[in-house]
Structures are given as C-alpha cells and as structure tokens.
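Peer 1: Residues per chain are reported as follows:
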Amino acid sequence: MPWLIRRLAHAALVLFGVSVLSFAFLELAPGDYLSEMRLDPRIAPETVAALRARHGLDQPLPVKYARWVASAARGDLGFSFAYNTPAAPLVWTRARNTLVLTMAATLAAWLIAIPLGLWFAARRGGWADRAGAAGLAALVSIPDLLLALLLLMFAVRTRALPAGGMFTPGEAGILDLAAHMLLPVAALVLGALPVLVRHVRAAVAETLQAPFIEAARAHGIPTVRLLWRHALPAAANPLISLFGFSVGTLLSASLLVEVVMSWPGLGPLLVEAILARDLFVVIDGVLFSAVFLIAGNLLADVLLYVADPRIRTT
Amino acid sequence: MPHEPLVSVRGLVKRYAQRGGRHTVDALAGVDLDITDGSTLALVGESGCGKSTLALCLAGLEQPDAGAIRVDGVVQLVFQDAAGSLNPWMRAVDIVAEPLVVHRRPNARARALDLMEQVGLSSNRGDARPHEFSGGQRQRLALARALAMEPRFLILDEALSGLDLSVQGQIANLLLELQRSRGLTCLFITHDPALAASVADEIAVMRAGRIVGRELPCPG
Amino acid sequence: MWLIRASVRRRGLVAALALLGAVHGAVLLAGFLAPYDPAEQDRRHPYAPPGVAGCEPGPCPVRWFVRDAAGRPRLFAVDAPARIFVLGSDQYGRDQLARLLHGGRVSLAAGLLAAALSLGLGWIAGAVAGYRGGWLDAVLMRASEFFVALPWLYLLFAVRAFLPLEVPPETALLLIAAIIGLAGWARPARLVRGVVLSAKERGYVLAARGFGASHFHILRRHVLPQTVGVALTQAALLVPQYVLAEVTLSFLGLGVGEPVASWGNMLAALAQYHVLVSYWWMVLPGVAMVPVFLGYLSLAGAVIESRDSIGL
Numbered sequence: 001m002p003w004l005i006r007r008l009a010h011a012a013l014v015l016f017g018v019s020v021l022s023f024a025f026l027e028l029a030p031g032d033y034l035s036e037m038r039l040d041p042r043i044a045p046e047t048v049a050a051l052r053a054r055h056g057l058d059q060p061l062p063v064k065y066a067r068w069v070a071s072a073a074r075g076d077l078g079f080s081f082a083y084n085t086p087a088a089p090l091v092w093t094r095a096r097n098t099l100v101l102t103m104a105a106t107l108a109a110w111l112i113a114i115p116l117g118l119w120f121a122a123r124r125g126g127w128a129d130r131a132g133a134a135g136l137a138a139l140v141s142i143p144d145l146l147l148a149l150l151l152l153m154f155a156v157r158t159r160a161l162p163a164g165g166m167f168t169p170g171e172a173g174i175l176d177l178a179a180h181m182l183l184p185v186a187a188l189v190l191g192a193l194p195v196l197v198r199h200v201r202a203a204v205a206e207t208l209q210a211p212f213i214e215a216a217r218a219h220g221i222p223t224v225r226l227l228w229r230h231a232l233p234a235a236a237n238p239l240i241s242l243f244g245f246s247v248g249t250l251l252s253a254s255l256l257v258e259v260v261m262s263w264p265g266l267g268p269l270l271v272e273a274i275l276a277r278d279l280f281v282v283i284d285g286v287l288f289s290a291v292f293l294i295a296g297n298l299l300a301d302v303l304l305y306v307a308d309p310r311i312r313t314t
Numbered sequence: 315m316p317h318e319p320l321v322s323v324r325g326l327v328k329r330y331a332q333r334g335g336r337h338t339v340d341a342l343a344g345v346d347l348d349i350t351d352g353s354t355l356a357l358v359g360e361s362g363c364g365k366s367t368l369a370l371c372l373a374g375l376e377q378p379d380a381g382a383i384r385v386d387g388v389v390q391l392v393f394q395d396a397a398g399s400l401n402p403w404m405r406a407v408d409i410v411a412e413p414l415v416v417h418r419r420p421n422a423r424a425r426a427l428d429l430m431e432q433v434g435l436s437s438n439r440g441d442a443r444p445h446e447f448s449g450g451q452r453q454r455l456a457l458a459r460a461l462a463m464e465p466r467f468l469i470l471d472e473a474l475s476g477l478d479l480s481v482q483g484q485i486a487n488l489l490l491e492l493q494r495s496r497g498l499t500c501l502f503i504t505h506d507p508a509l510a511a512s513v514a515d516e517i518a519v520m521r522a523g524r525i526v527g528r529e530l531p532c533p534g
Numbered sequence: 535m536w537l538i539r540a541s542v543r544r545r546g547l548v549a550a551l552a553l554l555g556a557v558h559g560a561v562l563l564a565g566f567l568a569p570y571d572p573a574e575q576d577r578r579h580p581y582a583p584p585g586v587a588g589c590e591p592g593p594c595p596v597r598w599f600v601r602d603a604a605g606r607p608r609l610f611a612v613d614a615p616a617r618i619f620v621l622g623s624d625q626y627g628r629d630q631l632a633r634l635l636h637g638g639r640v641s642l643a644a645g646l647l648a649a650a651l652s653l654g655l656g657w658i659a660g661a662v663a664g665y666r667g668g669w670l671d672a673v674l675m676r677a678s679e680f681f682v683a684l685p686w687l688y689l690l691f692a693v694r695a696f697l698p699l700e701v702p703p704e705t706a707l708l709l710i711a712a713i714i715g716l717a718g719w720a721r722p723a724r725l726v727r728g729v730v731l732s733a734k735e736r737g738y739v740l741a742a743r744g745f746g747a748s749h750f751h752i753l754r755r756h757v758l759p760q761t762v763g764v765a766l767t768q769a770a771l772l773v774p775q776y777v778l779a780e781v782t783l784s785f786l787g788l789g790v791g792e793p794v795a796s797w798g799n800m801l802a803a804l805a806q807y808h809v810l811v812s813y814w815w816m817v818l819p820g821v822a823m824v825p826v827f828l829g830y831l832s833l834a835g836a837v838i839e840s841r842d843s844i845g846l
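Chains as they are written, first to last, in my numbering: chain W, 1 to 314; chain F, 315 to 534; chain B, 535 to 846.
Honestly, the hints are just simulated from the structure, not real lab data. All C-beta atoms, glycine included, are put in the ideal place defined by N, C-alpha and C. It is possible that some hints are incorrect.
[To be verified] Residues of chain F placed beyond 10 Å of chain B at every Cβ, according to the derived structure:
hint	residue
1	Ser322
2	His337
3	Ala373
4	Ala424
5	Gly450
6	Val481
7	Gln482
8	Arg494
9	Ala508
10	Ala511
11	Arg521
[Claimed, not checked] Which residues of chain B face chain F? A partial, calculated answer using Cβ under 10 Å:
hint	residue
12	Cys594
13	Val693
14	Arg736
15	Gly737
16	Val739
17	Ala741
18	Ala742
19	Arg743
20	Ser748
Here chain W stands alone, though its shape is the one from the complex (with noise of 0.2 Å):
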C-alpha cells in the first residue's frame, strides 16, 4: 500500500505546517492570555512572569514549538491558562462532541440526499424536479447562520425540542442525546442538502443517458432497480469525492451551529479561547478541525480507491 502511505506523509506534513504556522502568527499576534492578566492589579506581576516562564511563553519561537510538540506527545497538548488545565482533557471532550455532531449531520445528509437526488434524476424535467430545484434553490438563499437561528427560535417558541447544550442536566440517555442533537443536525443538514442534492441529481442524470442503462431499461429492468443497483453505483466516483467534500463543509458549518445552539463542540471553546487569547487551547482547536478534515478527505479517497479499480493502476 505504497499509495496509503504517500497520502498518509501528505496529510502528516499538512498537520506539520498548520501547526507551524499556527505557532508562526501567534508570535506576531500582540499580547496573550497573560498580558491582559497583568492589567488585573489583583495578580502580582512575579506571578504572571512565574507562568510565562514555566510555560515558556518568554522562549523564542523554535523552543516553544518544541516545547509545545512535546507537551503533546506526553498527550497535554500545552497548557489552557483560561480553565487552568492542561488543554488535552478539555479540546479531547469538545472533539468528540463535534464528531458526534458532525457525523451525525453528515450521515441524515446524506441519507436524504441520495433518494431525494435519484428521484429529482429520474423525474428530469418534471413537476417535482422541477419543484426540487426552486426549493433547494430558495434554501441555498438562506444563509447557515439565519438557518440556525431560525430553527432554535422555532425551538425556543414551540417548546417541542430542548434549546441548545448536549443533555439535559442530570440525564444522560441515548434519547436525551438524540433530542438534543436534532436541532442542529437540522440546521447543519439543510445547510448542506442543496449542494448534495444538486450533485448526486447531475451525477446520476448522466450515468442514465449511458448506452447501458438504456439496453438495461430495454430489457424490462424496473425503474426503482435500475436506480439503485445500476445508475447509483455507475454514479460512484464524483459522489465519493463529493462525500469527504461535504465533510469539510459540515464541519465547518457546525462550527457556527455549535456556538448558536451551545453545542459543546470545538466551535465554542474556539470562539471563548480566541476572545480570551488562549493560545494553546486555539492552536489545538485549530489543528483538531485540521485533523478532523484531512481525516475526511482520506477517507474519500480510500473509498474512491476501493470502489474504482481503474485508481491502483497509477
């Protein structure tokens, strides 16, 4: 599997320069968590000093770099000044919430759009293609953000679903669970579903106008068979690739929905650690969803080399 290699290298170096990267702006950001601590005339200056030197924040660059990767093979991932924790336990949690989320979304997406897509394919041209089209196309104008505010209003009103947090406090069932996630798998998913729709319906149109779908067609193969045992498969390829895509842009759109509806996901705990320059916990933040991304496409890719054969050859 030289080929999973080569990728894996390539991934591992992305990671290598994101963090890099990361680690290069934040010297040229002005100030950190422990400046603005200073201007706090309650905590000595020694103390402040005493932090930034145990936590090598006076170090040049390459030694806090250095010293970052190594708190992150203990599996510290640096230090959150804010909870005053390690940062690990705290990103580590917030990861796998966002996972859940996203995963979650991603799955419900794709679930719709894929019998929603062979539909509007094979009804090209008619009413509910057509139908189809406005409405994704009206969806499209919505902007995630208004989609999500409109969903936990619609919530908040109705009282039907639980508004925003991850359970309610006390339980912890699957059911709660589930309850809580509704809301923003809705808002992620209709976030995504235009997009989806649109390319598994182009996809799946081609593949129908092929030579072989007609002489299946002509040897009385029913419509429902001939959409998914033929023209889905054929239509593979640009959905797999379509698929880590789609991972990427829920991620991405989960962020904003995590914040909205308090889902206690990488996205807030982003948004708090940069409004309070907390520098290692943004640096973790940032290259978990790196992580999460490069992992989706990876995964596409693996996908895509598994189902068509035509990709080992090269």
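Based on the hints, put chains F and B in the right spot on chain W.
Peer 2: Below, chains F and B alone, put in the same frame as chain W:
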C-alpha cells in the same frame, strides 16, 4: 543570375522532451537550407517530419538547441488554422492592425484597411469579427496581418490546407501576385506535393528531421 | 425555442440586477429612508415591537417627506414624542430599521471589499501562475491547494485568532475585509489559471508572439479578457459568502463591534434567551441577508448561462 540567399540555415537541431523528460525526440536533426531571395520554396513531407518545428524556429518562436539561422529582414508566419489564429473577440481591422499597434506605427487603422483591400477583402468589413468571414477570407485576414509587418520572408505553414480546392487556387494566385509586387521570399510548407508544384519555384523534401532532397517542380 | 429561453434568461438577469440595485440603493440611502439615526437611543422604548410607540393620546399620523429636528430630510416620520419603529427597536430603544440599513452598509461594504481583494489577488496569482508556468506555478498552486482544502470559516478563525481584538470599528471593518479577502484568494486563482492555461495555447497568442508582441500586450489583449467571465461569476458568488463571513465574525464578537451597527453584531442580541423567545424582530438583520444571497446567486447563474449561450 546567382542571388545571395535571403535565408540560410546550418545544422539546425531541435529536441523535445518526451514522457516526463526521460527521452528526447529530435524534431530537427541537423537541417541545412538556403532560400534564394525572391523565390518560393515549397517544403513537403509527412506530418511529424519536423516541418512545423522548422517554421517555428525560423520565425523565432522556438529556440533551436544547435545550429544557426540567418534571415535578412522581417519574418512572418501564417498558420494553417486561420480561425484559431484570429482572436474571436476582436474586429477584423483591429486584428490586422495589431502588429502595427504593438510596434507603435502611425495610422495603424488606415493601413490595416488598406492591407485588407490588398488581400482582396472589402474594407467595409473592417468591423466584422472573424466568425463572420468564410474560411478563405479568414486566411486572407491572417495574410493581411502577416503583411502588416512588411516582411521580406513569409512562412506559410499549411496555410491552404483545409480549404476548398477553388479557394486554394484563389489564395495561391493572391500569394503569387503579392510575391511579385512586394518581392517576397516564401517558404510554403505543405503535405500536398501537387499544391507545392503549383506554387513553388523549387521543392525541398523533408523526412525525419532532415532535408533529404531538393528538386524543381515538374510543370503540369 | 431558444429565443424564449434567451428572454427568460434576460429576465432572470434583470430581476437579479433589480433586486441587488434595490438592496444596495436602500443601504446607500439609509440616512433618508430611516426616520432616525442608528445610534439614537430612546430608553423609554426598549424592544418596542414594529409600529408606533408612545402614541398617547393619539392619533399619530405618519408624515411623508419631512425634515427632522436637525433639518435632515427623511422619507417619513411621526410627530414627537411618539416614535415610529417600522422594524421594532432594540434593547436601548434604537430604531432597528435605521440600524438595519446602516448596518447593511458595513456588512455589504465588508463583503464587496473582501471580494474585490480576493478577486484581485486571485486574478494576479492565477494569471501569473498560468501564463508563466514553471516553479512559480507549482508553488502558487501548492499553496492554493492548502487554502482550498481548509474550510474557510476555520481559516478565518485561525487568522482572526492571532490579530488584536480591541480595535475601533472602522479599523475592524478593514481588518475583517482584509482577512476574509486574503483567505479566499485561492479559488479564483485556480479558476483564472485554468482559463489562462487554455487561452495561452490559442493560435492567436502564438501569432501575436510571431509579430513580436510583448508578454504584457498578449496578457492584456488576448489572455486576460477571456478570464472576465470566470471572474464575474466568482465575484457574484464571493460577495454573499463574504457578507455572511462578516456577519458571522461580528455575530461571534470577532468582527465589527458596537456602537457601529452591522448585521452580525445586531444578531448577537439573539444570544440572550429572552430576546430569542420574545422579540422576533431581532432576527430581521439575518433575514436581510436573504435578498443579498438571492440577488448575487441568481446573478452568478445568469452570468454562467449567458456565457454558455453565446459559446464563450
């Protein structure tokens, strides 16, 4: 009456990298060529034998890897694909005037309209765009543009290929006329020996990057 | 048949332009269309619902084309002490209509500036990479892959994270536009490069080199004009996306801050539960983005279709 050759080429070599640069192909493998001032030399050969590469080198659009080229005066090149060599967004007169504009010559537009008349196009059509002209008229436009630079040496790379026979004849006549009136030296590149015989004073045969023979056209 | 299609297309284009003209015009005429100044507070009427507030004993007829106390022309007003809040008021009793229109200036300006920056950078980078080729092309395209692979909201956050937080609103606007614009150079660059790559292989470029045209001339005359279509489409797609970027950043407190209004910082009020429950009109700045999206996206669609239809 012996003329000093207007164009003289010695030992011209041009290599192209192939397939990731591991192999090279000699498009020109040592070309020697003289063209007498005021004459038309036809260059015939199969496609891929290096004719077009030679044309590009002579026009200065490709740098040869070895050898020497000497041309007295301006060289201009007319391509086979007239439609492709004319910018579809530009008006005819602007296309013909472009070389003059680039070289900051005065009265570019008036001279361009005059050139159009010289190649047999009505100057009323100066504001038309290339797609409004027929294939033969487009080739005339390309010719007018080439003449704008007042070249002494004109290279026609398959310039009549892809045109109807009657149109070929008309443009061939136009070429002969222009050559006479302007004292042009021409290199007429074609894969069609009959066409070569009808326009040229002399024919050179090219094969695998070399000139393998020169002959006089047998009339008839 | 194609004639009908063409007129439908033309109609789509006209509708998109009309919508965009209306939105941008309204925002430019904010001072005239809104009856009050965006920063003018009225502590008597916090969170007043849309309508006339403080009208006792009434009646309070709406007067058209009036001059306010400072002598500035306004489209409409009611006589003091009553106040007209067409879109309600916020927690300080500021007129939502005035803030929406003035905030639109900020949000749209940020979007337009950022799009211009992205497009300018992308155009230059794409043209240079595509035309020149070689190592410069390789370096630029590697870098662009990196930028395209990162979702831009993360990118925005990452860059914003390392810039000063407390900045005056005008600086913040420029800063935000700069960040958004810089982060988005890659996609236009890649598209422009693609067009340039195919354009420079055209026969007329070779012909132009044949009569001694300079690279500058060839780029200006033969290559860059062909990228205009791609660039226009990209512009129409980028502007709404960048407006949303500004709104998002300001919503999160990372963009343009109070007291200057922007659609983003106006929406930030909805982070409070009671606002979300009780004052629906506070979501209107978000709704204002819909015509912006609709207009620019249909414009992009119309530009793409018209290019297809005339075979460019």
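Peer 1: Each of the hints needs a verdict: does it hold here or not?
Peer 2: Results for each hint:
1. Ser322: holds (21 Å)
2. His337: holds (21 Å)
3. Ala373: violated (5 Å)
4. Ala424: Correct as stated: the minimum Cβ-Cβ distance to chain B is 18 Å, above 10 Å.
5. Gly450: At about 17 Å from chain B, Gly450 (chain F) clears the 10 Å cut-off, so the statement holds.
6. Val481: The claim stands: Val481 (chain F) keeps its Cβ more than 10 Å from every Cβ of chain B (closest is about 19 Å).
7. Gln482: Label holds. Min Cβ-Cβ 20 Å, cutoff 10 Å.
8. Arg494: Per Cβ check, Arg494 (chain F) is outside 10 Å of chain B; nearest 23 Å; holds.
9. Ala508: Consistent with the label, Ala508 (chain F) stays out of reach of chain B, its closest Cβ about 26 Å off (over 10 Å).
10. Ala511: Holds, because the least Cβ-Cβ distance between Ala511 (chain F) and chain B comes to about 27 Å, which exceeds 10 Å.
11. Arg521: holds (25 Å)
12. Cys594: Result: violated, 61 Å to nearest chain F Cβ.
13. Val693: At about 38 Å, which exceeds the 10 Å cut-off, the nearest Cβ of chain F leaves the hint on Val693 (chain B) violated.
14. Arg736: holds (6 Å)
15. Gly737: Holds: closest Cβ of chain F sits about 3 Å from Gly737 (chain B), inside 10 Å.
16. Val739: holds (9 Å)
17. Ala741: holds (4 Å)
18. Ala742: holds (7 Å)
19. Arg743: With a closest approach of 6 Å, the Arg743 (chain B) hint holds.
20. Ser748: holds (7 Å)
Checked against the numbered hints given earlier, the structure breaks hints 3, 12, 13 and satisfies all the rest.
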